[in-house]
Amino acid sequence: MKIQDIFQESYTALTVNKARSFLTMLGIIIGIGSVIAMISIGTGAKDSIESKIESTGSNLIYVNPGMPSSSQSGGVSMARGSAQTLTKEDAEAITAGVLNITAVSAEYSTRSQVTATGTNTNTQITGVTSAYAQVHSITIVDGSFITDQQVSSTSKVAVLGATTSEDLFGEEVDVVGNTIRMNNVTFKIVGVAESKGGSGINNTDDMIYVPLSSAQQYLSRGFRPGSTSKTVSNITVQAESAEAMEQVQADVTTVLLTAHGIASADSADFTVMTQADLVSTASSITTVFTTLLAAIAGISLIVGGIGIMNMMLTTVTERTREIGLRKAIGALARDINRQFLLEAVLLTVVGGIGGIVVGWLASKAMTQFASITTQVSFSSVALAFGVSMCIGVVFGYYPAYRASKLNPIDALRFE
Amino acid sequence: MIACRDIKKIYNAGGAGETEVLKGVSFTIKNGEFVAIMGPSGSGKSTLMHILGALDSPTSGIYKLDNQDVSKLSDDELAKIRQQKIGFVFQSFNLLPRATVLRNVMLPLFYGDVPEAEREKRAQKALEHAGLDKSKFLHLSNQLSGGQMQRVAIARALVNNPVLILADEPTGNLDTKTGNIVLGTFQQLNKQGKTIVLITHEQGVAEYAERIIYIRDGNIVKDVQNTDKRIINLEAV
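Taken in sequence, the protein lines are chains L and R.
Numbering-wise (my numbering), the first sequence opens with residue 1 and increments by one.
Numbering-wise (my numbering), the second sequence opens with residue 1 and increments by one.
Hints listed in this document are in silico derivations from the structure and should not be mistaken for laboratory results.
No experiment lies behind these values; they were computed from the predicted model shown.
The beta carbon of each residue, even a glycine, is placed where N, CA and C say it ideally should be.
Worth double-checking, as some hints may not be accurate.
[Said to hold, decoys possible] Computed from the model, here is a short list of chain L residues facing chain R with C-beta under 10 Å:
1. K2
2. E50
3. L257
4. G261
5. E322
6. K327
7. A328
8. I329
9. G330
10. I409
11. L412
[As the list claims (entries may be wrong)] No farther apart than 20 Å at their CA atoms in a straight line, the calculated lysine to any residue pairs in the SDA-like style are these:
12. K2(L) to E77(R)
13. K2(L) to S71(R)
14. K8(R) to L332(L)
15. K30(R) to K177(R)
16. K80(R) to T258(L)
17. K2(L) to A117(R)
18. K85(R) to I3(L)
19. K2(L) to P115(R)
20. K405(L) to I81(R)
21. K85(R) to S71(R)
22. K80(R) to I3(L)
23. K80(R) to D5(L)
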């Protein structure tokens, strides 16, 4: 029997009972639709995290203090990143000892209550050098950024992020020249940074920049008059080009190992990560998240598949006489098997296409009404289509096999 | 062209409920004959029909159809024999509901890999032979009367040009008048040279055939030429 004839037989059989075929298909539509929608949320989250990481600047290498891993020999281990092992001198050593870099920014991060006239806020304060603006692509809309001279003179000056400026001074345009108080020290505002459009806990607009030395002197955690901290929170290195990243990463490690007098990279008290490392860390988190969502949606797909199997078994029983007749007039077991298998696959494939449309619409709706970033990827559509076809084959196989094995004599007698 | 030699059919052979339904049946049917196989229920006539129709294989004995031994073939080989050489007419018509008359008649041609262009022509010709009015060709089969349905079934049996038409109680679900039309159609087809085997339990129906084989308890008890065959003039009814 030719394939287009089998196709026509299957199609006719499905259209005879439209309501039942549609309801069975609905299981697959919902299953595939939710898989597509869930994966689109996961992919959307991944893309937005990646683009956020990339928007922080290009060709960046992050040096963070780390727990010395030699502590595995026993004793109390400290939290990774809690160590204070980096200093401004490390940044200078990198500048002097590593080739193919354009800027090195030593940074000191802390939080503090900030007060202006009549208002106050609590925000992140970053002690910076002039290199920070270049490394992190900061643009100044009013005034100027922190200069190296202000760093060496430990000036009490500050540059506000766009959000912080608004929080403290409202929509007022002329913020430069005003003063703010942090930790009982008065800082004069010398500039306001342009908004980078971030949001959430990583909002780079909700930030105050002060000279690195001033932050260490006046704003370090547990500040007591007279005591100063010489450590920095992290160092950001900008490589000249993407091709140089690997070499810069290796050289930074070598320079710092030498500066810290550590022999082996395994016991380094710092970590050197590239943006790619950060992206892959973030990706691995969102991948787990996406997989979880897709797995939950996948359960409904299996339920849909069972619905298909149920309907096909009912159909085979109902059409026992028809199967008997087909066999009597010369259908081979193979012909019967193919016809019923194709019915199941047609249901799931049409249901799968419907599900792709529904899933796509659902993800558009989520973006529109719930402001959730979604991204329907080609691979998830292809996957959904393939899976729906497989479900048809898997759940249609047993009913089709049963139909093909019917004895024509018994089948013709079936009431 | 049909030769049965010592056909036995035993169900549950060797088991506890062993039943010998056919106890060694032998006969031959020549091309162009119209034979009725008659017997009460339980006589083994249905089992004989299944073997003649290549739906079942005998436990022992030889069945030759069209000079081919079909008593020891596999299921798929039997299916091909049915496809090429046999046309069935059943008591309950067994048409596909919600499919057109033409489509029902074309069904055996799907399985016979007949080119699409030829199918409809052959189906129309078969329907004309079976005496169904042309206006009904595109009706759905479940919109027809019993007599019309059986004509469609006869057309379906004719369409693959079989060497043998097997009719199993073809008038069982019909009133006398439409039953007569169906029997008259068989007589007419027989006149055109078709070999027909009619299975029935009614003497009155068997008398339309030219030869009657009586079967009882798995044995042939009588095999006679029906000299005073009843003839139906289709134009009259």
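### Message
Need the list of violated hint numbers for this structure, in ascending order.
### Response
Of the numbered hints, 2, 3, 4, 13, 14, 15, 16, 18 do not hold.
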